[in-house]
Amino acid sequence: MIKILKKYENSIYSLTAILLAFLVGAVLIHLSGFSVIKAYSTLFDGAFGSVFNLTQTFMNTIPLIFTGLAVAIGFKSGLFNIGGEGQMYLGAFTTAITAIYLGFLPGYILIPIALIMGGFAGSAWSFLPGYLKAKTGAHEVVTTIMMNYIGILTASYLLLKYFKEEGPIPQTVLIPESARLPELIEYSRLTWAIFIAVFVIIIIDIFFKRTKLGYKIQTVGENRSAAEYAGINSNKMMVLSMMISGFVAGLAGSTIVMGVLHRFITNFSPGYGFTGIAVAVLGKNKPWGVLFAAILFGALQTGGITMQLFAKIPMDLMVIIQGLVILFVAAPILIKKLLRK
Amino acid sequence: MKKVIVTMLILVFAMCAFAEANVAIVFATGGLGDKSFNDAAMEGMKKAKELYAIEYDYAEPSAITEYETYLAQFANSKKYDLIISIGFDQADALTKISKRFEKQNFAIIDMVVMNPNVASYVYKEQERGFMVGYASALMTIKTDDVRINGDKVVGVIGGMKIPLIDANIAGFMTGVNYADNGVKAIHSYVNHWADPAKGKELTLSMYEQGADVVWGAAGRSGLGVINASKEKNFYSIGADSDQGYLAPENVLTNGMKRVDNTVCIAIKDVIDGKFEGKIYSLGLKEDALGYSINLLPEDVIVELEIAKKKIIAGEIEIPATIEEVK
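Which chain is which? The protein sequence lines are A and B, in order. Residues 1 to 341 (my numbering) make up the first sequence, in order. Residues 342 to 667 (my numbering) make up the second sequence, in order.
Because the hints were derived from the structure by calculation, they are not lab data. A few of these clues could be false.
What the hints assert, rightly or not - Simulated restraints on C-beta separations:
no., chain 1, residue 1, chain 2, residue 2, range
1, B, N532, A, A26, 51 to 59 Å
2, B, P589, A, F48, 50 to 58 Å
3, A, E186, B, K651, 49 to 57 Å
4, B, E590, A, F52, 50 to 58 Å
5, B, K651, A, F52, 52 to 60 Å
6, A, A330, B, I634, 54 to 62 Å
As the list claims (entries may be wrong) - Calculated cross-link-like contacts (lysine-lysine; reagent style DSSO-like; alpha-carbon spacing at most 30 Å):
no., chain 1, residue 1, chain 2, residue 2
7, B, K539, A, K161
8, B, K502, B, K573
9, A, K38, B, K387
10, A, K312, B, K437
11, B, K609, A, K312
12, B, K376, A, K312
13, A, K164, B, K539
14, B, K609, B, K390
15, B, K626, B, K502
16, B, K419, A, K312
17, B, K437, A, K161
18, B, K388, B, K650
19, B, K420, A, K312
20, B, K388, A, K312
21, A, K209, A, K7
22, A, K164, B, K437
23, B, K609, B, K437
24, B, K376, A, K161
25, A, K161, B, K502
26, A, K312, B, K444
27, B, K502, A, K164
28, B, K390, A, K38
29, B, K419, A, K38
30, B, K440, B, K420
31, B, K649, B, K387
32, B, K387, A, K312
None of the values given here were measured: they were computed from a predicted structure. Where a beta carbon is used, it is the ideal one built from N, C-alpha and C, also for glycine.
Sequences are here, hints too, so could you generate the full structure?
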């Protein structure tokens, strides 16, 4: 029994945190003068209540899977990649440009190329902070945050300077039909991107569990000096893990362009890169944990929309619940300590 | 007794008929509190509620990807007589959703979506250009104002050379010519919507050339126009909303875009059963464009009102391109 508990310890703590967050959220909703039952029932209904709502939840989940995974990968080597937002923007931009300029290629070639180009753009952007960390010790938190601004603004600049569609809107032209990911259900905007996301989770999971390289990266994250002592080039591993992390963050942008927006538009993200940090924390930096955390956040987002529309409860309460989840995920360390006494 | 009941029933039905319209509005991602389009549109909803006793719901998307979700949720509820999109970046989402919900009426403001169930409301930009151009020409010949110099020159600065801005500039020039008092209008472009520094630079160079009233039809770059006028103490003219608070002593007037009135017009069309999926060009006549009073003296306002009546009556023709200006 204790063994089983030990095995699922992380999941149990995360679930407790979510429950606690909803409990405190209920108190807040009640204090704000709304009906708790109505709030949570429209929230649930909005996120899972119909096929359409379900598709919207998963649509909102996809970018969070990628950005959450990106943060988790960084953590494996002990690095905190907060640059997901910028990496995602460059990924989105590069994918859009690739798809537009190679539009003559058939879909089965164009889609993988555009995806990979988006990933590489993210990689290129995360390489620099990784390299600076390895060579000079520049803290990656500072450099990745700064690189966000540079990345987002660079994409906007290039767009306005060279690739803008005629008209008042800062956006590229639509990418060709062949580069668009097919929808699973008409009008849902839920596309094959969900399979790409799950596929990437599987790959990353295998990478860290079953490959030498993945193990080396983790060793660096656990104890850098020990890793060096064991003959692992920790600098190389850190740069590498940052690049993989950036690649995955870039894919968040690629799949939004190819699945949802069908073009690059400035300011398209409501902060997926930053929400990814919360997703990684809740998912305990485990690939499959990230999946469930992303679904929860996607559901809160989607359900929050219905809650705002039909129960007239401000969206901000949803953001508060998201914050509480994170707070309580951090709190189990306290709870653990209390229990052990 | 029967009569009373029948009368009451008729009354009840009549009441229902009056409070019939349900309207939903999806704001642009800036959200409420933007002191611009969203806030103006919200004003329009409140006004419509008072005037036509409508009920309304609104949504504040936080991302472009959410437009479609909100529009679909509103349309799917089949509760609304009209769903209004604010902001040009909703065009993609509205194009798709309006195709999917063919029986739902939609409206979009300041943008065109060509579907039979979407009413697009755009503006005869040249008309407000005319009003502020005419006002400038009447102001620059005044002699009792320290903000006015001896030269008979006024200017307009556009954001980019696109048809919409050129319509404003063409209107401005026509307005200046209409004054027929030897005033010359000069114009230039910032080539950027959000470069106040360059807007200011261009304004100062116009000031050097003798311009003492300058209109900035240039989005955020227009802030530079107002800043320059404050620094050198001459007149500037704002755009879209009342920007007088930025420089109370220098903002002469504003080329207003009345999104609030536009929203009311869209709602009224639906209530009157006149909804049509076509492009509506609104202007002075509908009070969708106009000017604000700010520092305008009484005699200029009188002239402007006379010209406004003539434009509405179709007596003054205002071209929409600079090439056509005589």
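A quick look at each hint next to the structure:
Between B/N532 and A/A26 the C-beta distance comes to about 54 Å, which sits within the given range of 51 to 59 Å. The hinted window of 50 to 58 Å between B/P589 and A/F48 holds, with their beta carbons roughly 54 Å apart. Between A/E186 and B/K651 the C-beta distance comes to about 53 Å, which sits within the given range of 49 to 57 Å. Between B/E590 and A/F52 the CB atoms are about 55 Å apart, so this pair conforms to the stated range of 50 to 58 Å.
For the pair B/K651 and A/F52, the supplied restraint of 52 to 60 Å holds, since their beta-carbon distance comes to about 53 Å. Look at A/A330 against B/I634: about 56 Å separates their beta carbons, and that is inside 54 to 62 Å. Taking the CA atoms of B/K539 and A/K161, the gap is about 17 Å. The hint holds against a cut of 30 Å. For the proposed pair B/K502 and B/K573, the alpha carbon gap of about 27 Å is at most 30 Å, so the pair holds.
A hinted pair counts as satisfied when its Cα atoms are at most 30 Å apart, and A/K38 with B/K387 qualifies at roughly 27 Å. For the hint linking A/K312 to B/K437, the alpha-carbon distance of about 26 Å falls within 30 Å, and the restraint holds. Among the hinted pairs, B/K609 with A/K312 is consistent with the structure: their alpha-carbon atoms are about 25 Å apart, no more than 30 Å. For the hint linking B/K376 to A/K312, the alpha-carbon distance of about 23 Å falls within 30 Å, and the restraint holds.
For the given pair, A/K164 sits about 21 Å from B/K539 by alpha-carbon distance, which is consistent with the 30 Å threshold. Using a Cα cut-off of 30 Å, the hinted pair B/K609 and B/K390 holds, with the two alpha carbons roughly 11 Å apart. Of the supplied pair hints, the one linking B/K626 and B/K502 holds, its CA atoms being roughly 27 Å apart against a limit of 30 Å. The straight-line distance between the Cα atoms of B/K419 and A/K312 is roughly 18 Å, inside the 30 Å bound, and the hint therefore holds.
Between B/K437 and A/K161 the alpha-carbon distance is near 28 Å, which keeps this suggested pair within the 30 Å criterion. The suggested pairing of B/K388 with B/K650 holds, with an alpha-carbon distance near 25 Å, which does not exceed 30 Å. Restraint check: the Cα-Cα separation between B/K420 and A/K312 comes to about 15 Å, which is no more than 30 Å; the hinted pair holds. Of the pairs offered as hints, the one joining B/K388 and A/K312 holds, with about 21 Å between alpha carbons and a cut-off of 30 Å not exceeded.
Among the hinted pairs, A/K209 with A/K7 is consistent with the structure: their alpha-carbon atoms are about 16 Å apart, no more than 30 Å. Restraint check for A/K164 and B/K437: satisfied, since their Cα atoms lie roughly 22 Å apart, inside the 30 Å limit. Only pairs whose Cα atoms come within 30 Å are accepted, and B/K609 paired with B/K437 is accepted, the gap being roughly 25 Å. This hinted pair checks out: B/K376 and A/K161 have alpha carbons roughly 29 Å apart, not beyond 30 Å.
Distance restraint check for A/K161 and B/K502: the Cα-Cα separation of roughly 15 Å lies within the 30 Å cut-off, and the hinted pair is therefore satisfied. For the suggested pair A/K312 and B/K444, the alpha carbons sit about 26 Å apart, so the restraint of at most 30 Å is met. For the given pair, B/K502 sits about 15 Å from A/K164 by alpha-carbon distance, which is consistent with the 30 Å threshold. Under the criterion of a C-alpha separation no larger than 30 Å, the hint pairing B/K390 with A/K38 is consistent with the structure, at around 26 Å.
For the given pair, B/K419 sits about 21 Å from A/K38 by alpha-carbon distance, which is consistent with the 30 Å threshold. Our distance criterion of 30 Å between C-alpha atoms is met by B/K440 and B/K420, whose separation comes to about 18 Å. With a C-alpha separation of about 27 Å, the suggested pairing of B/K649 with B/K387 holds against the 30 Å cut-off. At roughly 17 Å between alpha-carbon atoms, B/K387 and A/K312 fall within 30 Å of each other, so this suggested pair holds.
Consistency with the previously given hints is maintained throughout, with no hint failing.
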